[in-house]
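J.: We have chain A already, so just place chain B on it with the hints.
Taken in sequence, the protein lines are chains A and B.
Following my numbering, the numbering of the first sequence begins with 1 at its first residue and continues without gaps.
Following my numbering, the numbering of the second sequence begins with 1 at its first residue and continues without gaps.
Keep in mind the hints are simulated off the structure, nothing from the lab.
Be aware that a few hints might be false.
[To be verified] The calculated DSBU-like cross-link candidates involving lysine-lysine, where the alpha carbons are at most 35 Å apart (straight line), are:
hint, chain 1, residue 1, chain 2, residue 2
1, A, K53, B, K51
2, A, K53, B, K103
3, B, K51, A, K106
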Amino acid sequence: MNGTTRQDLVITRDFDAPRELVYRAFVDPDQLAAWFGPVGYSVPRDSVSVEPKAGGHYRFTMVSDDDPSQTSPVNATFSEVIENELLVGSEEWAGAPGLAEGETMKMTMRLEFHDLADQGQSGRTRLVLRQGPYDPELENMARAGWNSSFTKLDGLLAG
Amino acid sequence: MATDRLSEIFAALADPTRRAILARLAESDATVNELAEPFEISLPAVSRHLKVLERAGLITRTRSAQWRSSSLNAEPLREATAWMERYRMFWDTNLDRLDAHLKRLQQQPTDPSHPSKGSTS
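One chain only, chain A, in its complex shape:
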């Protein structure tokens, strides 16, 4: 993958399900409400609103099962949508370290759905999730510099 900076979260996961099904789990409100959220949180169906197209919105709220007053709303806007293949969206986030009260920062999320039939694994799907303060312009800047020096920096961060 090009231009990955250390501050992009990249997660790859294979699912034993066809690509259309995995994609639908993210854009079908009924399905999203059925699975999304960390353990101990639920997504009420009536909080979900999805417009899977460029410029469309992606809204839902995670609610704590123990304390329903604890909520974590998601309100993102899609910038790129290819049915069954790609979802790219961004959201203004508050509450990150280093942010003053009332300040937000732009978080970008990219979801790629790869059909593993190409690799002889029919009916399986690889999801590549990328999240970060990720900006295509920064990617262009970083693209040239993905070199061995960064390995040292990784070692430093791990230490």
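T.: Then chain B, alone, in the frame of chain A:
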């Protein structure tokens, strides 16, 4: 321009020369001249990169005019990566749930157009 600290850190890290400078400083403190050596860029250009890194809190520069050296300040790096690590954990458990959801979905015998896999061998 970056408007907050974390964005400033990420923006500072986005540039390959600045990452290389940080990697060099991870080995030891260095002067501008020493930092400029491996790069085909001018001293003023290196100074500009150092300014960006300093503003982001990633390096500290001594104020001695003669031997002004830079040293790495790893704390903001750790802060930024720790922050992303939280989201990795979030997604790991979240995708476990998606996996379970997809399994349930495919086990439901309501739709005969989706026969279970593994029937051929």
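J.: With a cut-off of 35 Å on the C-alpha distance, tell me whether K51 (chain B) and K106 (chain A) pass.
T.: Measuring from Cα to Cα gives roughly 24 Å; hence the hint holds.
J.: Between K53 (chain A) and K103 (chain B), does the CA-CA distance stay at or below 35 Å?
T.: Holds, because 27 Å separates the two Cα atoms, which is no more than 35 Å.
J.: Does the alpha-carbon distance linking K53 (chain A) and K51 (chain B) stay inside the 35 Å limit?
T.: This hinted pair is violated, its Cα atoms lying about 41 Å apart.
Violated hint: 1 only; the structure is consistent with all others.
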